[in-house]
Amino acid sequence: DAGVIQSPRHEVTEMGQEVTLRCKPISGHDYLFWYRQTMMRGLELLIYFNNNVPIDDSGMPEDRFSAKMPNASFSTLKIQPSEPRDSAVYFCASSLTAGAADTQYFGPGTRLTVL
Amino acid sequence: QKEVEQNSGPLSVPEGAIASLNCTYSDRGSQSFFWYRQYSGKSPELIMSIYSNGDKEDGRFTAQLNKASQYVSLLIRDSQPSDSATYLCAVNPNQAGTALIFGKGTTLSVSS
Numbered sequence: 161d162a163g164v165i166q167s168p169r170h171e172v173t174e175m176g177q178e179v180t181l182r183c184k185p186i187s188g189h190d191y192l193f194w195y196r197q198t199m200m201r202g203l204e205l206l207i208y209f210n211n212n213v214p215i216d217d218s219g220m221p222e223d224r225f226s227a228k229m230p231n232a233s234f235s236t237l238k239i240q241p242s243e244p245r246d247s248a249v250y251f252c253a254s255s256l257t258a259g260a261a262d263t264q265y266f267g268p269g270t271r272l273t274v275l
Numbered sequence: 002q003k004e005v006e007q008n009s010g011p012l013s014v015p016e017g018a019i020a021s022l023n024c025t026y027s028d029r030g031s032q033s034f035f036w037y038r039q040y041s042g043k044s045p046e047l048i049m050s051i052y053s054n055g056d057k058e059d060g061r062f063t064a065q066l067n068k069a070s071q072y073v074s075l076l077i078r079d080s081q082p083s084d085s086a087t088y089l090c091a092v093n094p095n096q097a098g099t100a101l102i103f104g105k106g107t108t109l110s111v112s113s
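So the protein lines, in turn, are chains A and B.
Letter by letter, the first sequence follows residues 161 to 275 in the working numbering.
Letter by letter, the second sequence follows residues 2 to 113 in the working numbering.
The set of hints was computed from the structure by calculation and includes no laboratory data.
All values reported here derive from a predicted model rather than from experimental measurement.
Using N, Cα and C, we set each Cβ at its ideal position, and we do this for glycine too.
Please note that a few of the clues may not be correct.
[What the hints assert, rightly or not] Here are the simulated DSSO-like pairs of lysine-lysine, each with C-alpha atoms no more than 27 angstroms apart in a straight line:
1. A:Lys228 / B:Lys43
2. B:Lys68 / B:Lys3
3. B:Lys57 / A:Lys238
[What the hints assert, rightly or not] Covered stretches of chain B (in silico footprint by chain A; criterion: 3 or more residues with CB under 8 angstroms from a CB of chain A, positions within the stretch not fixed):
4. 44-58
5. 74-80
Here chain A stands alone, though its shape is the one from the complex (with noise of 0.2 angstroms):
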């Protein structure tokens, strides 16, 4: 399998653009998982969804993010309008349970930086 797959790897925008990052699962999992890590806040968990469905957002910072899992093999994090703050490395995870006993696997990740 080839893993969770992001793109883009890299993403450098401006101000108030659209942002969209994508994300694949691996084959057969059920959760998927989008993360933001920062130096200062660490990883944080924003949304995640079981079979296509979003189960928790709490973590999704404003109205500005939004998150869909159209299919099982696609997902896509949404910033609209961006802001320099959300400069972040955003990872997907993917698992076959929430967490108990299940590994998480990450993605690579795409770094966004917002001018």
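Given the structure of chain A, go ahead and fit chain B onto it with the hints provided.
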């Protein structure tokens, strides 16, 4: 607010020494505990999981869990420069619909 606390470090140890990484958590009902390793510029990868009080060994790594003290640790024996990374502690609060909670990580530096 459920929390997972780690000393950010850096923790510096010489090659061949034992590195001890510590983590405390606030939710007494937590049942599952994980250690992830993250190299600079890379994504986290799972290296150890532990569910019961006591020690769990895997090669040079030993995870220790004390639920009464709400404390989990990771020992790395015979530390190598390749162990230099950030180690993230993650806890499963074991509540339906709740995902892992990660600490901010401890940076380990092993000098040769």
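Does the alpha-carbon distance linking B:Lys57 and A:Lys238 stay inside the 27 angstroms limit?
Not OK: B:Lys57 and A:Lys238 at ~41 angstroms, beyond 27 angstroms, violated.
For a C-alpha distance cap of 27 angstroms, please report whether A:Lys228 and B:Lys43 respect it.
holds, 25 angstroms
Using a Cβ cutoff of 8 angstroms, are there at least 3 residues of the stretch 74-80 of chain B near chain A, or does the coverage claim fail?
violated (count 0)
Between B:Lys68 and B:Lys3, does the CA-CA distance stay at or below 27 angstroms?
Roughly 15 angstroms between the alpha carbons, so the hint for B:Lys68 and B:Lys3 holds.
Go check the stretch 44-58 of chain B versus chain A for me, would you? Three or more residues, Cβ under 8 angstroms, otherwise it fails.
holds (count 6)
The structure does not agree with the numbered hints 3 and 5 stated previously, though it agrees with the rest.
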